[in-house]
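S.K.: Sequence:
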Amino acid sequence: MPTTLAMLRAFAAVARTGSFQRAADSLKVRQPAVSDAIRRLESEAGRPLFSRTRDGVHLTDFGRQLLADALAAVDAADQVDALLADRRPSLTIGFMGEAAGRRTSWLMKLVRDETNADITLRRYDYADPSCGLTSGQSDLAIVWPPLDDPTIRSLTVASDRRAVALPLDDPLAGRDRVEPSELAGRTWVVPLSEDRAWAEFRTPQAVGITDLRDMVMSGSIEETLELVSVGRGVALVSESTDEHYARANVVIVPLSGNIHCSTALAWRSADRRAVVRRVAEAALDATEP
Numbered sequence: 001m002p003t004t005l006a007m008l009r010a011f012a013a014v015a016r017t018g019s020f021q022r023a024a025d026s027l028k029v030r031q032p033a034v035s036d037a038i039r040r041l042e043s044e045a046g047r048p049l050f051s052r053t054r055d056g057v058h059l060t061d062f063g064r065q066l067l068a069d070a071l072a073a074v075d076a077a078d079q080v081d082a083l084l085a086d087r088r089p090s091l092t093i094g095f096m097g098e099a100a101g102r103r104t105s106w107l108m109k110l111v112r113d114e115t116n117a118d119i120t121l122r123r124y125d126y127a128d129p130s131c132g133l134t135s136g137q138s139d140l141a142i143v144w145p146p147l148d149d150p151t152i153r154s155l156t157v158a159s160d161r162r163a164v165a166l167p168l169d170d171p172l173a174g175r176d177r178v179e180p181s182e183l184a185g186r187t188w189v190v191p192l193s194e195d196r197a198w199a200e201f202r203t204p205q206a207v208g209i210t211d212l213r214d215m216v217m218s219g220s221i222e223e224t225l226e227l228v229s230v231g232r233g234v235a236l237v238s239e240s241t242d243e244h245y246a247r248a249n250v251v252i253v254p255l256s257g258n259i260h261c262s263t264a265l266a267w268r269s270a271d272r273r274a275v276v277r278r279v280a281e282a283a284l285d286a287t288e289p
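If you count the sequence shown from 1, position 213 lands on 213 in the UniProt record's numbering, and the numbers rise without skipping.
If you're looking for bench data, these hints aren't it; they were derived computationally from the structure.
Nothing here was measured: the structure is a model prediction, and the numbers come from that model.
Wrong hints could be hidden among the right ones.
Stated by the list, open to error - Across the chosen pairs, the derived CB separations fall in these ranges:
no.: 1; residue 1: Gln31; residue 2: Glu243; range: 44 to 50 Å
no.: 2; residue 1: Thr53; residue 2: Glu179; range: 41 to 47 Å
no.: 3; residue 1: Asp211; residue 2: Asp78; range: 25 to 31 Å
no.: 4; residue 1: Thr120; residue 2: Ser35; range: 27 to 33 Å
The beta carbon of each residue, even a glycine, is placed where N, CA and C say it ideally should be.
With the hints as constraints, model all of the structure from the sequences given.
M.R.: Have a look at this one:
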């Protein structure tokens, strides 16, 4: 049976919402229509696209592989619809924590200048370092590399010094710089994420600290700083964290040495829409203020 756009829309909606009913609601159709579309796609593929569990539906490995191309097809169809109806394009930009503020404003201006699009901003936490790209919730994203997802392309737009978040009463809190070796034997607050490459880059081992007392998991930058402020541990962050997430009882101290992290503009590699390509090309040529 031929694969239809309606089937791909249903597949993308279930992947985005994690629910057949929520997917149906977003598409303004009945839930059995979504279930039938997924059943037909899985029959054509000869393997499941989702695993069904008590806490929702989740993409299988093959489902994740298929999603990138399905989203590209849906995005292209939406662009054609917008052109035929003479509508402005719409873009959702995902971002996370420390990648916000000045960089998000700069990117929004760049997108408006290049596309005249209606822009929606969507905030993400550590659970989704792709900031909605993998699930199809975002068209573009401001991310912290590295990402363990081969379907995503990225372009570095800024660099930042790595730093440590310390409680105000910590003996090192008054320093201008801290050597990583001085932080041995500490309890660390680290991100909780299924993206292994992303999470490992944000652990103390990534800057050469292997002597740890313990680790405490956190789901967001706000939770991380709150745990630091109450003395649960210290955390690896970026120096600019203090610009956007200042806490009265937390001090951000840069690490000594050439230890940096980056902020990147990211998009799905299978997304061939002209509007996304224009933004990527403009970002490549632009210099962030």
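S.K.: Go through the numbered hints given earlier and state which of them the structure violates, listing their numbers in rising order.
M.R.: 3
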